[in-house]
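K.L.:
So you can see what is in the structure, the chains are spelled out below.
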Amino acid sequence: MRAFFEKIGYETLRFLESYGRLGIFLVRTLKSLFTSAFKLRPVLRQIHFIGVRSTFVILFTGLFTGMVLGLQGYYTLNKFGSEGFLGSAVALGLIRELGPVLTALMVIGRAGSAICAEIGIMRNSEQIDALECMAIDPYRYLISPKLLAGIFCLPLLTAIFDVIGILGGYLVGFGLFRINTGSYFQGMYLNVDWADIKMGLVKSLVFGLLLVWIAACKGFYLHLERTGGFGAEGVSRTTTDAVVLSSVSVLVWDYLISALMI
Amino acid sequence: MSTVNSQAQNNSPVVIELAGVKKRFGRQMVLRGVDLVVHEGRTLVIVGASGTGKSVIIKHMLGLINPSRGTVKVFGRDLQRLNRRELNEVRSSFGVLFQNAALFDSMNVYDNVALPLRERTRQSKEEIHGKVMGKLELMGLEKSVDKFPAQLSGGMRKRVGLARALVLDPKVVFFDEPTTGLDVHKSNELYRLFYRTQQQLGYTAVIVSHDVPKIFKLADEVALLADGQVQGCMPPEDFQMSEQPMIRAFVEETMGHLYLSDEEEADFYA
Ligand SMILES: Nc1ncnc2c1ncn2[C@@H]1O[C@H](COP(=O)(O)OP(=O)(O)OP(=O)(O)O)[C@@H](O)[C@H]1O
Ligand SMILES: [Mg+2]
Numbered sequence: 019m020r021a022f023f024e025k026i027g028y029e030t031l032r033f034l035e036s037y038g039r040l041g042i043f044l045v046r047t048l049k050s051l052f053t054s055a056f057k058l059r060p061v062l063r064q065i066h067f068i069g070v071r072s073t074f075v076i077l078f079t080g081l082f083t084g085m086v087l088g089l090q091g092y093y094t095l096n097k098f099g100s101e102g103f104l105g106s107a108v109a110l111g112l113i114r115e116l117g118p119v120l121t122a123l124m125v126i127g128r129a130g131s132a133i134c135a136e137i138g139i140m141r142n143s144e145q146i147d148a149l150e151c152m153a154i155d156p157y158r159y160l161i162s163p164k165l166l167a168g169i170f171c172l173p174l175l176t177a178i179f180d181v182i183g184i185l186g187g188y189l190v191g192f193g194l195f196r197i198n199t200g201s202y203f204q205g206m207y208l209n210v211d212w213a214d215i216k217m218g219l220v221k222s223l224v225f226g227l228l229l230v231w232i233a234a235c236k237g238f239y240l241h242l243e244r245t246g247g248f249g250a251e252g253v254s255r256t257t258t259d260a261v262v263l264s265s266v267s268v269l270v271w272d273y274l275i276s277a278l279m280i
Numbered sequence: 683m684s685t686v687n688s689q690a691q692n693n694s695p696v697v698i699e700l701a702g703v704k705k706r707f708g709r710q711m712v713l714r715g716v717d718l719v720v721h722e723g724r725t726l727v728i729v730g731a732s733g734t735g736k737s738v739i740i741k742h743m744l745g746l747i748n749p750s751r752g753t754v755k756v757f758g759r760d761l762q763r764l765n766r767r768e769l770n771e772v773r774s775s776f777g778v779l780f781q782n783a784a785l786f787d788s789m790n791v792y793d794n795v796a797l798p799l800r801e802r803t804r805q806s807k808e809e810i811h812g813k814v815m816g817k818l819e820l821m822g823l824e825k826s827v828d829k830f831p832a833q834l835s836g837g838m839r840k841r842v843g844l845a846r847a848l849v850l851d852p853k854v855v856f857f858d859e860p861t862t863g864l865d866v867h868k869s870n871e872l873y874r875l876f877y878r879t880q881q882q883l884g885y886t887a888v889i890v891s892h893d894v895p896k897i898f899k900l901a902d903e904v905a906l907l908a909d910g911q912v913q914g915c916m917p918p919e920d921f922q923m924s925e926q927p928m929i930r931a932f933v934e935e936t937m938g939h940l941y942l943s944d945e946e947e948a949d950f951y952a
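Same order as they appear, the protein sequences are chains A and B.
The first sequence lines up with residues 19 to 280 when you count with my numbering.
The second sequence lines up with residues 683 to 952 when you count with my numbering.
Possibly wrong hints are sitting among the right ones.
Derived Cβ-Cβ restraints for the label pairs, each shown as a range [unchecked claim]:
id: 1; chain 1: A; residue 1: T258; chain 2: B; residue 2: A701; range: 42 to 52 Å
id: 2; chain 1: A; residue 1: F52; chain 2: B; residue 2: E722; range: 13 to 23 Å
id: 3; chain 1: B; residue 1: Q710; chain 2: A; residue 2: L77; range: 47 to 57 Å
Think of the hints as simulated: they come from the structure by calculation, not from any bench.
From the three backbone atoms N, C-alpha and C, an ideal C-beta is built for every residue, glycine too.
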């Protein structure tokens with residue numbers, strides 16, 4: 019019985035500790051942004067890695083998401099005899115929901131896992147200790163360029179996703195169902211408001227922060243992980259954890275932001 | 683029975699001071715009350731069996747590990763009480779070689795050595811190039827500047843680590859086994875180099891080494907770590923003459939005594 023309560027207490031502490039770490043990590047990273055000279059080059063490098071090199075994946079997934087939205091949307095709207103709304107339906111679905119969420123999930127898979135593994139390996143082989151001993155702030159040198167790049171890239175990638183998705187929806191609507199080009203785009207212009215775009219933008223900014231934050235923090239505190247982040251297996255396990263946690267967080271925050279902004 | 687440092691007569695200022703440092707990892711008690719003092723411009727050599735906590739002591743001095751008990755002071759400041767910025771101030775005069783060299787494995791040799799200059803100073807590309815190449819030539823690495831750490835031998839990695847540690851002309855250096863993995867010629871060269879730079883720059887040094895007795899030539903003080911305590915910290919001449927049983931056993935063993943039984947010994951040397 020006592021062991022049971024001890025276990026509960028222990029687990030609770032572990033839980034609080036790991037979330038406390040996430041908080042401290044973010045505060046230190048943000049602080050390092052304001053307390054030292056800003057350097058553009060490392061940020062550009064990370065933008066290249068997180069953003070530019072994700073473009074192809076985003077184009078591809080955006081196109082197919084738009085196409086399937088066109089297909090399913092046409093099927094549903096057709097039942098109510100309102101195919102004319104296809105453009106609005108596809109655009110709203112992409113801009114408010116699917117664009118930011120799917121972009122974030124793709125970037126987590128491509129860049130989030132890589133960020134976590136890279137930093138985790140540096141922790142494991144004492145490279146982060148070496149940085150600290152050289153009086154180079156690892157939060158400034160390693161983390162903050164990635165965080166800035168994430169916040170910068172996600173809205174842009176999301177915009178690409180949305181645009182290409184809307185085109186994909188049109189391709190299906192026009193190619194398969196011969197819908198009216200004018201009504202597709204005109205309906206979209208009429209029904210998509212600034213509020214919809216704002217919601218998409220807020221989401222993508224938050225997701226950009228979230229995914230780099232969680233991935234980098236997991237890697238950075240690899241040695242404090244409960245399962246023990248030792249060696250190659252520790253890195254791989256922690257990376258998996260980071261991908262799962264950031265994906266789930268994206269979906270949870272997606273709901274919260276939707277609920278707040280609707 | 684930790685012995686008080688026999689340095690009362692030394693009157694240069696104290697740079698590093700460990701007082702009653704205890705450290706436990708889980709159930710394992712690694713340090714059981716370590717007292718050590720390092721004076722400015724002096725070289726402390728820490729010796730002791732593998733796994734006794736020499737690297738752990740260095741990591742305490744660097745502020746990478748906090749003691750479970752006791753204090754670690756550098757330049758009179760208690761490392762545990764410093765915030766990150768203050769800790770960086772203290773560390774900015776450090777040059778560190780880790781036991782595993784801890785090179786940045788996604789940078790080539792040149793960038794590894796150049797990193798401290800790029801991040802910590804505002805020197806031009808040419809100045810940085812000059813300094814980096816100077817240090818790499820000292821270490822005999824000028825032909826390997828483009829290689830990545832994974833493409834180097836163990837001894838080469840050590841030398842890159844040393845070049846990186848020395849590139850900012852530090853006031854205090856920490857070398858964890860600088861010559862392990864080097865051949866005799868290379869390590870002798872390194873000792874000459876240490877001696878000369880020490881004469882020039884007058885840095886304070888903490889060196890962990892298994893290269894006994896050769897390393898004694900560099901030492902102002904030698905400390906033996908055993909059973910989680912410093913078993914005596916004294917000038918090398920005294921160390922080699924010491925009557926303290928553990929030190930004596932250590933010295934005799936490094937002189938080639940194998941502690942075999944008479945019978946075994948006859949067999950061994952037959
Ligand atoms: N981070 C850590 N977590 C748990 N135990 C540790 C940690 N670091 C060191 N130890 C333990 O502390 C002891 C001393 O380790 P340390 O690396 O200081 O030995 P050492 O004297 O440097 O040995 P060597 O001469 O082989 O390098 C070892 O038993 C080691 O297992
Ligand atoms: Mg060691």
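K.L.:
Against each hint, give a clear statement of whether it holds in the structure.
P.N.:
Hints, verified against the model:
1. T258(A) - A701(B): 42 to 52 Å: Taking Cβ atoms as reference, T258(A) and A701(B) lie about 44 Å apart, which means the hint holds.
2. F52(A) - E722(B): 13 to 23 Å: violated (36 Å)
3. Q710(B) - L77(A): 47 to 57 Å: About 54 Å separates the Cβ atoms of Q710(B) and L77(A), which means 47 to 57 Å holds.
Consistency note: the structure conflicts with earlier hint 2 alone.
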